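Residue numbers (the numbering used here), protein chains in the order written: chain A, 1 to 317; chain B, 318 to 642; chain C, 643 to 1188.
Misleading hints may appear alongside valid ones.
Claimed, not checked - Which chain C residues stay away from chain B? Per the calculated CB distances, all over 12 angstroms, these:
| no. | residue |
| --- | --- |
| 1 | 722 |
| 2 | 732 |
| 3 | 964 |
As the list claims (entries may be wrong) - To give an idea of the chain B side of the interface with chain C (calculated C-beta under 8 angstroms), a few residues:
| no. | residue |
| --- | --- |
| 4 | 386 |
| 5 | 388 |
| 6 | 474 |
| 7 | 480 |
| 8 | 483 |
| 9 | 484 |
| 10 | 488 |
| 11 | 489 |
| 12 | 492 |
Said to hold, decoys possible - The following residues of chain B were derived to be distant from chain A, with all beta-carbon distances above 10 angstroms:
| no. | residue |
| --- | --- |
| 13 | 324 |
| 14 | 461 |
| 15 | 540 |
These are computed hints drawn from the structure, not numbers from a lab. Fair warning: this is a prediction, and the values are worked out from it, not measured in the lab. Cβ coordinates follow ideal geometry from the N, Cα and C atoms, glycine included.
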Amino acid sequence: MTAVPLVPPAVVLGAVVLGVGLLERRARGPAARRFFGSPAAALGLGLLLFFGLLALLAPLVAPYRPAAQIDIVGLQNRPPSWHYLLGTDLFGRDVFSRLVYGGRVSLGIGILATLVSVSLGGAVGAAAGYFRRATDAVLMRLVDVGLAVPKIFIVLVAVALGRPLTPVPLALLLGLTGWFATSRLVRAEVLSLREREFVEAARALGARPWRVIARHVLPGAAAVLVVSAALSVANMMLLEAGLSFIGAGVQPPVASWGNMIADARDVLATAPWTSLFPGLAITGVVLALHAVSDGLREALDPQARRGPPASVAGERS
Amino acid sequence: MAAWLLRRLVAALAIVFAVVTLVFFAIHLAPGTPFLPTGDRPLDPSVEAGLKARFGLDRPLGAQYVSYLDALAHGDLGESFSQQRPVSMALKEAVPNTVVLAATALALELLLGLAIGAVQAAYAGRRLDTLLTHTTLFFYSLPTFWLGLVLLLVFGQELHWFPIGGVIDPVLHQALSPAGRLLDRLRHLALPALTLGLVGAAGTARFQRAALLEALSQGFVKTARAKGLTETRVLVAHALRNALLPAITLMGLALPFLLTGSVVVETVFAWPGMGKLAADAVLSRDYPVMTATTLAAATLVVAGSLLADVLYAVADPRVGRERPR
Amino acid sequence: MRRLAPLALIVAVACTSRGGGSCHGEHCGTVVFAAIGQPATLLPPVTDHFLDRDIFDQIFLKLADVGPGLNTVGDSGFEPQLADRWTWRDSLTLAFHLDPRARWQDGRPVTAGDVAFTFAAYSDSVLDAPEHINLAHIASVAAPDSATAVFRFRQRYPEMFFDAVYYLRILPAHLLRSLPLRQWRSAAFGRSPIGDGPYRFVRWDPGQSLELEADSTFFLGRPHVRRLIWRFASDLSVAVTQVIAGEADAIEVLVSPANVARARQATQLALYPYPGSAYLFVLLNLRARDGSGPNPILGDVAVRRALVAATDRVRMAQSVFGAAAKVPPVPIPEFWAGLWFPDLPVPPYDTALADRLLEQRGWRLGSDGVRHRGGRKLAIALAVPSTSPARRQYAQLIQEELRAVGVEVKLDLMDNVTLEDRVRRGAYDAAIQAWANGPRPSFDLTPMWVAGGGQNYAHYTNPAFDRWIEAATTARAPAAALRAWRAALGVLAADAPAIALAAPDNVAAIDRRITNVRLRPDSYWAYVRDWRIAPDRLIARDRLVR
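Same shape as in the complex, but just chain A (with noise of 0.2 angstroms):
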């Protein structure tokens, strides 16, 4: 417990302008100037960072246990003070400690799930453009399949299926499912560079496919798979609020930024700072991914900045 709770996120948040500015100083070459030429890119990476570090510090951070109910009759909702920076909730618990905690489970989530997603959809991409043929087509009909079945029905029959589930075996989930729409653009990407005369000339000299595919072909379509990542996080985000929502997603007493809303539906115009805050963190952390990913875009393909921006609607969940 901290005699003066403000000041670990005060400290955080410091350090995170300091870096930021840093950074931005230091940056060199081409795309790292590009892309702290943006201010909202800037904004959003250190917003990332703030939220990140947040979670990552989360027992030095928070001043309770987020699970703690600190007195389940005397501190019932009680609104922000300085004791409890961003109120109480129903169950006499820190909002601002289970909101650094529940940072932890819902970024981890998002990031996790991406990790396997885009793993698996670059992987699949990758094949299906590089061979082409039978593959290709084999690969893309599965594809199909996946794309046909909104997200959340699969999830939702996962979860009847067994048990709710803890957040790592949720993650891996939502990474299982969330990978068809990636591997589509990884393939495009391979596609056409596949026909590149690097690539050719790896391929001429007799290296294997997988081996070309790993040296040459993919790090040509890193942009795409690093601007998919950073919109699959806010997505896979995006989703497992929804479904703690309707509660098939995280279980209490693990908070997550989800459950919280959740958790606070009936007071939402009584005790409104116990879902405003963990609203505003998704909501804030999904911006900045967004706008990291509109940077990042710019910064790695700068001749693509023109294109339609690759969070089309029917990624998001």
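Given chain A, put chains B and C in place with the hints provided.
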């Protein structure tokens, strides 16, 4: 064109078929018997065997699959555990509600999204464009259900402009004139459609702005400008028309989002559609309903993307044969 | 002043032209009840959910019902329903004479054959009606002629009459006889019932609403309120909001102090406090989930007592229901005040005691903060209905309190119908239950806790308890009955097959235009057919004719 359409139709059917197969095996191979979800029912064995026989669970999986398909072909989706009636009946009530909600939201999303996108493209780089970019990004980043909860609180509970959930007024509706009934439905539809539509519109606007800017930079637009046409005319007559193609693609892509979003939005607004049916089915471990809703969702998505393909082909004859992805 | 209806609705009502005309006078009125969840079925013997009962009690009559004084001894205060009079032929034989005016809503007369049919159905083990054990003292029901139903009892006791009439909702034999009992749970009749009560079934839009219409020819007097509508909300807060916003007229319990405060501010609402019949408790399953034997964790009485000792029931009740909430010694409602013995052996809130009990039984604290014994974790799945904010709240409070003594509680959220189904089948560890009881304790406690009871979902068996309950049921002298009760509840408290959480007062909120409102603790809407809306206070939905 006819052959192309036929091919697309066959592909669509194949996808739905694949989804059925996938869901069927996922559920039947999962631990525990699907019709007695917990698998630890202290029933006397004869009753359990009877139940299994009744649902055909005592036969080999392959045979079960065949008869499931057979029943499906006859429109039989099994019986709901929690509602104690045929799934098809529950689905028949839910699907129209979802379709109405999704269609309204889609219309809102496209109209609002295209308009905002066009305004942004017209004012590209100026303050209005920046403002709209940030606004749309903000809406696009909101958790759908949170937006729904806030709209419900403000416009339903506090201002009483709209009802607190439901599809129709349970008391008055039957007695209203046709116009009154429509109005009643619209009043109930407003908030959920707005919730889905606003988030969707934000996505559409972002997409449309970029597509328009790309179109504006192309040769034929430059020619039009050179001919001395006004900027508005250029935007509307040339660029917008060309940018409509991606909007059609977008429409096909928007359907999964609308259905996904509808799961939470229907829960917020007590809207008895497919999403709420599916969510309730999860909470009651009602497998037949879950299978059926997944299937229906897949069918709607595939139909939507097929429709988008057809519209695309109609709008752009060049793409008659093979639509680029 | 009433809140103004939204402008759009006024316009919509103004557009009303279909059906034509509007209702004037005494027998108009539409009452909209805000309900949580929706009924499973409206066929009485197969369901014991509150909501189902609230609705089917408007459709089906009993032979007679307890009066407002809720007397259960002898027949004093009982009000005739289907039977216009009754006579004791001897000390064990009771004959009911059916009111010749009683009719099924399809026009057929109600006969003694229907009564005999109903008794047979209720006491059949295949149907497994929840409270069938209460009929155990009744040997037979015969129908010597179509207007006389004769009950034969096995023994003499003070509350024989109550047992004969309170539970049985008489069913139409001519409509149900051909239906095998096995199929009753999913019978179409349960979705569009035909009864003999003041209201007839009109429609049920699943997930939305259910409508009943007054039977203007009802033989006990035409109901004033013409139409009853239950509006199904997904949870309590939505239901309360609907009542406050004027979209519904009545809700039977507001539950939380916050809701009471909100309702008080709505000027169109009148609040009706009445003695609580409902109580909350954690039901513990003493049998393994697969029915193979005792529950490996909860089968141990020391563990159960430790769980009771580890929960601060008083503070939890204050947290959920406000400062005035009371915690009963065992799961019983507030209005059984006579049974709230202060000196029952209920484990006090004492985490040290809980720790000690668990240690003694070999449950050792592991490095994960959870106790283990021989490779088994001290983990309990707690089933919680997603529709009840109060019970959801309790679930998280309990989870945190038990964590402190090294018990891991996993919350298993599900809809209420599913939860009740699981509990009924024994497929659960622990479940948060909310029950409402009738006026006669043994009538409700016997099926719940006696070995073989139809509602003994805890699978609790203790012959000592059964003996005391039997003694309490059959004792002739009030003092002897009370002694037996104290002994019975003492056994129950010591064995702890449940954690009693709270027995809150009820506060109903009902629109002020509705007058002559009476509420009965054991059956909230029992007097709806006496409710009245004065002709000059009718609002649009009251006048509406379809």
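Unmet hints by their number, sorted upward, for this structure: 4, 5 and 14
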